[in-house]
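Chain A is already provided as a structure; the job is to place chain B on it using the hints.
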Amino acid sequence: MNRVFRVVIACVMLSASAAYAQSDATRQKGNEVFQYWCATCHGRGAGMPGTIALTAKYKGALPGALEDRTDLTPQAVRFVVRNGAAIMPFFRKTEVSDADLDAITEYLVRRSPQPGERANTGR
Amino acid sequence: MVLPPNVSEADFSAALGEFRSAVGADWVFSSDADVALYRDSYSIYWGEPEERVASAAVAPATVEEVQQVVRIANKYRIPLYPISTGRNLTYGGSAPTLRGSLVVDLKRMNRILAVDEKRHFALVEPGVSYFDLYNHIRERNLEVMLDVPDPGWGSPVGNSLDHGVGYTTAPFRDHFGSHCGMEVVTAEGEIIRTGTGAVPNSDNWQDFHYGAGPTIDGLFAQSNFGIVTKMGFWLMPMPEAYLTGTVTVPRYQDFDPLIHEVSYWEDLGLIGMPDYGSPIGGGFFAPPPAALAALMASGWPSIDALERFVGVEARPAWSVRLHFYGPEETVRANWQAAKRRFSGAIPGAAFQDGEFLRLPIPPEQEPTLPDKPRLGIPSLEVFAMVARNPSTANDPADGHADFFAMIPRKASAVWEAARVMFETYREMDTPAPYNPFSTPINYYSRCFIMAAVVPTWRDPARNSRSRELFARIMDRCAERGWGCYRTAPAFQDQLARTYSFNNNALLRFREKLKDSIDPNGILSPGRYGIWPASMRNTRA
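Going down the list, the protein sequences come from chains A and B. So the first sequence is numbered by numbering that gives the first Met the number 0: it starts at 0 and just counts up by one. So the second sequence is numbered by numbering that gives the first Met the number 0: it starts at 0 and just counts up by one.
Read the hints as simulated data drawn from the structure, not as lab findings. A quick note: this is a predicted structure, and the numbers were derived from the prediction, not measured. Just so you know, not all the hints are guaranteed correct.
For each label pair, taking beta carbons as the anchor points, the in silico distance ranges come out as [said to hold, decoys possible]:
(1) B/T61 to A/Q27: 28 to 34 Å
(2) B/D33 to A/Q34: 22 to 28 Å
(3) B/Q252 to A/S96: 56 to 62 Å
Glycine is no exception: its CB is placed at the ideal position from the N, C-alpha and C atoms.
With the rest of the complex left out, here is chain A (with noise of 0.2 Å):
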């Protein structure tokens, strides 16, 4: 192997790496903001609206919570918090930042597959 090959794969991997912890903060920040604004209608557990809702609508096809989903898409995230969804309300700049939708969203989705996909999440 030569050395500009090595090096080539060095800066790939760094970047990879780089990217990685970057991406392992966003979700880290998206984990918090989503216990802040969303856990209280959407986490596990007895009692949550938002988990019982989901849980009547799928009939056992797809788990309640949110954080159970290995489907959820970018898109389908960022429509519901800014769009609402029945008796869910949509959330405003003020209380949901767009970096703070970025983060829920990379968060959410990811247990879910398409990694291609997922490499465009961007607005």
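Chain B only, in chain A's frame:
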């Protein structure tokens, strides 16, 4: 884009520029997508020309920025509509009363300025939510208990300014009644502090609410006379214990002595909000059991018929759950004393011991607790009642509009109110969730509420029927002499007209104040029926 009434596009554009200079470009929202986030998602006019939508929104971070916003609005005659956390769902949410108003979104003013665990008060800005204040208290282990409304994302400031309510003892669950001191930016951009906050260098703003002279705090609730930027609240010291117990009484006509005895405990300040029910009636808004439905098939039954029905059912006619807060010795002693007094007043009264909890609740115990608001713990669990759930799964509504008829605390009024509601729904050919065992809500300790929850939709045809039902309920109750304590902008003019004693003297007095305090009519025109002079003549 929707423009404010009588404001040119050029002036509006110039004003937006000045708002951007005042608060920063990031905090003025004027794109269609951003302004749409200020719609009322439970609007009963959703998607129709009458829907009250904003022209733009501005989000100041300081009281000085609020003053600048007010001055710019006066210059261009732009109607403002301040909101706190904007979560007043069912009562208008973050949408204005007047279409085209500019929303002043105070969510960024989110400082908790003081929580005093010795003198038992808090001082907060409008953007602070009940969740925020609760977290602040818990993280510091402060020995105070909040009184929270059902949804915890609201603002103590905004909730109390719309006369919101909670669940603990009478002095605290009246949220406006438990406030102490406010800071207000007037329509002319001046800052007022009420109560002892008006004494320069005062150190007891949250200890004494009157100050001296006429109190004006009430002018800033359900109104449009100023923008409240700080507000103090009296808090309950954290009680050592919480104990519940349920009383049941056997006969239909035991309801009146039951209420009378509960009122003894309530008005001594010894219990939280009593929770009335009926083992026979099927519960709040539930359809009546089959036997009761059969009894009602030939009309509203007489009291004698109901008494016979209760006898055949051989179950208690009424129940009430009581909630005691205080030291362990006294809550246990109070429940014992309650058993003695109820037994003496009502032959056949029976008792069931409920929960006993030591307070504060350990954090790990919180998630599984039912009735969190009764323990001062904010939550959103109440939405499970109206969200898609096993009982609404066929047709969950998109929102709801609530009508609360304020009725006297006596059995005959409860029975009459249930019947008025029942007949009004029937006139509209709508299933009526009322029967002779319907029970009142007791948010305000001295008054009962007979509630109506009318669904709202994203469908104009269904909303049209909901509007007709809601308006009819309001009229029927007003004919009977019952007001309502709070409503969404869509019904605020109608509500104001129901308080019409002596040729609307009360509303006319408020209008005189409006003209004097807000001569350009820039603050929340139309809120609770108060329009500035320039808009009054165009409205019936």
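Open item on the list: Run through the hints listed earlier and report the numbers of any the structure violates, in increasing order.
Closed with: The structure conflicts with no hint, since it agrees with every one listed earlier.
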